[in-house]
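**Q** One-letter residues, chain by chain:
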Amino acid sequence: MNAHSDHANNISFAIVGSGGAGAMTAGAILLEAAGKSGWYGLLNRSVGPQIRGGEAAALVRLSTKPASCMSKQFDILVAIDWKNADRFINAMPVASGGLVICDPAAGDPPKAVLEADCTIVQCPIGELAKSLPGGRENMISVGLVTQLVGLSLERVMEVVATKLGSKGEAAIENGRACIEAGIQAAAGFGHAISMAPPAEKTCDRWLITGNEAVGLGALRGGIRFAAAYPITPATEVLEYLAPALASVGGALVQAEDELASINMIIGASFGGRPSITATSGPGLSLMMESLGLAAASETPIVVVDVMRVGPSTGIATKSEQSDLNIAVYGFHGDADHVVVAPLGVADCLFTAQWAVHIAETLQSPVILLSDQSIGQARVLIDKPAEVSFLTRRKPFEKADEPYKRYAVTADGVSPMSIPGQNGGQYTADGLTHTERGAPSSARHDQRIQLEKRRTKIEGFDYGDHWGVAEGDDGSDTVILTWGSLTGAAREAIDALAAEGISARLVSLRQILPVPLKALEGALAGAKRVLFVEQSFSGQFYRHIRAHIDLPYEVRSLNREGPYIIGPDEIATQIREWKAQ
Amino acid sequence: MNAPCFKASDYKSDINPIWCPGCGDFHVLMSITKALAKLGRPPEQIAVISGIGCSSRIPAYTNCYGFHGVHGRSLAVAAGLKVARPDLTVLAMSGDGDGFSIGGNHFLHACRRNVDMTYIVMDNRVYGMTKGQPSPTTEPDWDSALSPGGTGLSPFHPLVIALASGANFVAREFSGDIKACTETIVQAINHPGFSFVEILSPCVTFRPDEREWKNQVHLASVPETDDPARAARRIMTDDGMNTGILYRGRRKPYFASVSDEEGDISALEAAFEI
Ligand SMILES: Cc1ncc(C[n+]2csc(CCOP(=O)(O)OP(=O)(O)O)c2C)c(N)n1
Ligand code: SF4
Ligand SMILES: [Mg+2]
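Chains as they are written, first to last, in the numbering used here: chain U, 1 to 580; chain B, 581 to 854.
None of these hints come from the bench; they were simulated from the model.
Any given hint could turn out to be false.
As the list claims (entries may be wrong) - Over the 12 Å line for every Cβ pair with chain B, so calculated as not near, a few chain U residues: (1) Asn263; (2) Gly267; (3) Glu386.
As the list claims (entries may be wrong) - Partial pick of chain B residues on the chain U-facing surface, computed with a CB cut under 7 Å: (4) Pro639; (5) Ala656; (6) Ile682; (7) Gly684; (8) His686; (9) Gln767; (10) His771; (11) Pro772.
In this text, a Cβ means the ideal position worked out from N, Cα and C, and glycines have one as well.
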């Protein structure tokens with residue numbers, strides 16, 4: 001009766017309701033309950049340009065294995081109402097054999113739903129809610145999905161109890177009544193798409209968004225100061241950090257704009273406190289001049305860019321990987337620096353911690369390129385391993401000679417004094433300077449300091465953190481990607497392997513400096529290389545091509561936002577290519 | 581034990597200023613080093629932060645910790661530093677172009693934020709470094725290659741803006757009066773919150789007419805006040821040449837508690853466990 005087996009390893013559902021209907025809360029409760037039951041999964045949202053009252057859909061995928069991206073179709077769609085639903089229904093259609101539950105009072109489903117090969121069941125969600133004290137449509141929806149996918153009421157109630165705890169016992173009981181009503185209604189549908197049992201838990205699970213994970217990773221790395229100017233989809237990094245920093249003796253200042261926020265963190269870092277800010281493309285554009293200052297004055301800072309669709313204001317709520325160019329090439333002058341990118345939500349923690357380590361060790365700006373698709377996704381992950389770096393600035397020690405803040409050293413890193421240290425006074429400067437830091441327009445000073453800074457950036461031991469190489473290493477077919485699309489590429493390779501088609505994955509966490517040796521090593525033996533990136537112009541492809549030879553057959557799967565490239569598209573490309 | 585005693589020269593570096601002979605900024609540098617000696621804090625506990633311009637070259641000429649940043653952002657660097665390191669004495673330095681034009685927005689918000697630091701603007705009513713263009717404080721009819729015949733715009737009034745935006749200490753001095761400058765800088769540093777001192781500092785090269793300032797400045801006839809309404813009344817009749825402290829307010833400085841302890845993040849991690 002449906003395309004899936006009765007016990008699916010993956011189920012995707014959407015709860016649709018206009019803003020304020022509580023669709024997101026319902027999705028979050030279900031995801032967390034699934035996590036408590038041992039499944040993996042993730043939650044993303046589809047929101048409109050209106051801040052409230054626009055369309056909202058909670059998009060949830062549950063999986064027996066770690067899941068890093070949304071499916072391209074829904075197996076179950078619960079519509080509290082259909083307001084504006086046609087806007088996203090085309091981006092994520094109902095699967096053939098899928099189930100659509102809608103309230104007859106909400107009117108006819110959109111054309112795309114009516115034309116889909118799916119079962120439409122009517123359920124008076126609104127009436128059910130009204131018939132119960134304190135009844136809420138979104139809680140009825142929670143009950144519907146609980147029954148359809150085979151979650152336990154007990155687990156769901158554990159989550160509801162913590163979420164509604166502050167509203168008192170009655171609110172929790174009202175919630176339970178709604179959920180039970182939903183369960184009962186769904187039991188009568190005669191149609192279920194239940195999950196296969198979860199694999200045994202080998203470690204604790206976390207439920208976290210990419211933006212939160214970046215914030216936490218930064219704190220793990222030692223960040224104790226942040227300056228903030230809000231921008232979608234980066235604001236949650238800053239909102240996470242505000243109380244979190246305060247709880248560990250740090251501080252966050254809300255700045256008047258990004259010109260201020262970047263310069264505030266430069267000032268704080270000059271004062272010895274590891275510092276961070278987070279922004280998105282428009283803010284990064286404003287920060288570029290001062291990022292150059294951080295490079296020239298050798299002030300360690302981390303700038304997180306949660307990329308969205310550009311250029312200009314673009315589509316603020318949707319994802320793209322199109323800030324690679326500005327992050328890598330946006331500086332005037334020759335400003336060596338570092339750009340890194342987390343390989344999915346679970347990796348945000350590590351990559352942010354690593355970014356702080358690099359910035360502090362190299363006394364350099366580090367740009368971390370996350371994006372909306374991972375920043376705002378709430379994901380069930382295995383508890384991340386503890387990682388520890390020996391992070392510290394090369395300290396200034398008092399000597400007899402006058403202090404040289406920008407002294408040439410073997411590794412290019414100079415001892416850095418901190419205000420308060422006697423004998424360590426210097427003026428940090430964006431002007432070309434001597435080793436002591438005095439302004440200079442001499443040719444040799446320009447050369448010496450450029451070389452010094454290049455030495456520290458290029459000579460640093462980035463270890464094996466440059467990226468990942470996975471899959472059948474005998475395969476001559478490589479999917480080469482970076483950052484947030486790593487998960488989709490990984491799933492594509494798994495799907496291909498199940499069909500007996502071999503391909504391997506190479507994905508970069510280190511975008512600048514390009515890890516030449518590691519990348520060439522990882523590509524050795526390849527005949528075909530498929531570049532995969534979320535950028536209209538193929539920024540990643542051009543960047544890599546500018547740095548290494550590509551003596552392979554090369555193709556590119558690259559596209560602008562807002563539609564995220566998914567595993568199936570990647571698999572299709574490889575399948576067709578290999579069949580030729 | 582006696583506190584160590586410092587001389588003005590202890591706050592001066594061995595770098596020779598690039599300024600033109602006769603530039604008012606020499607006197608500002610002198611006043612700052614004298615004020616710091618009076619305060620008696622060791623040079624390593626003082627940070628001098630600036631933007632870009634002739635005036636903004638000043639940090640490297642001191643023996644304090646310095647930051648010579650980008651054009652217009654000295655206040656942001658200084659605020660970040662002071663919040664992160666409340667133990668330091670922080671001076672932010674700008675020119676009229678740096679502070680009121682490209683950095684104008686930060687000026688408003690620094691007054692409003694009221695971080696405990698001192699902001700000294702060396703106002704020569706011209707862009708000196710870029711060789712003589714009108715700034716926000718330049719007279720409307722001042723002729724230049726970039727704005728022939730003058731801008732026709734009425735000048736920006738830094739003291740009015742500072743007062744209206746919430747600065748906690750507002751003063752104007754003339755660079756040539758080193759004694760008064762020194763004393764006002766001491767007062768400004770000692771006053772909690774955001775202190776703003778405009779120092780009229782002639783650009784003898786592009787505004788030779790400003791050599792006359794020494795004859796035009798005069799001590800304000802009205803004493804300082806802690807009442808913003810009285811300060812506002814006085815400032816509306818200001819001819820731009822009044823010197824002295826105008827306003828000393830009682831607003832609470834910006835507060836953020838920072839600690840040198842490492843901080844335990846285990847509770848933050850546990851919050852994500854399900
Ligand atoms: C972003 C940027 N724009 C323009 C300049 C060029 N510039 C350097 S100094 C300056 C004006 C400085 O005027 P002011 O702050 O009054 O300082 P003064 O030289 O008069 O002391 C300008 C426009 C720059 N350095 N950076
Ligand atoms: S140009 Fe004017 S402001 Fe600049 S150093 Fe010379 S006199 Fe001073
Ligand atoms: Mg000027």
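**Q** Give a verdict on every hint.
**A** Do the hints match the structure? See the list:
Some Cβ of chain B comes within 12 Å of the Cβ of U:Asn263; the nearest lies about 3 Å off, and the non-interface call is violated. The Cβ of U:Gly267 sits about 3 Å from the closest Cβ of chain B, inside the 12 Å cut-off, so the non-interface label is violated. In this structure U:Glu386 is not separated from chain B by more than 12 Å, as the shortest Cβ-Cβ distance comes to only about 9 Å. Annotation: interface hint on B:Pro639 holds; nearest CB of chain U at approximately 5 Å, less than 7 Å.
For B:Ala656, the shortest C-beta to C-beta distance to chain U is roughly 3 Å, which falls under 7 Å, so the interface hint holds. The interface hint given for B:Ile682 is broken, as the beta carbon of that residue sits about 9 Å from the closest beta carbon of chain U, more than 7 Å. Against a cut-off of 7 Å between C-beta atoms, the interface hint on B:Gly684 is violated, since the closest Cβ of chain U lies about 11 Å away. Taken as an interface hint, B:His686 checks out: its beta carbon lies about 6 Å from the nearest beta carbon of chain U, inside 7 Å.
Interface hint at B:Gln767: violated, since its Cβ lies 23 Å from the closest Cβ of chain U, which is beyond the 7 Å cut-off. Look at B:His771: its Cβ only gets to about 21 Å from chain U, farther than 7 Å, so that hint breaks. Given the 7 Å rule on beta carbons, the hint for B:Pro772 is violated: about 18 Å separates it from the nearest Cβ of chain U.
When each numbered hint is compared with the structure, violations occur for hints 1, 2, 3, 6, 7, 9, 10 and 11.
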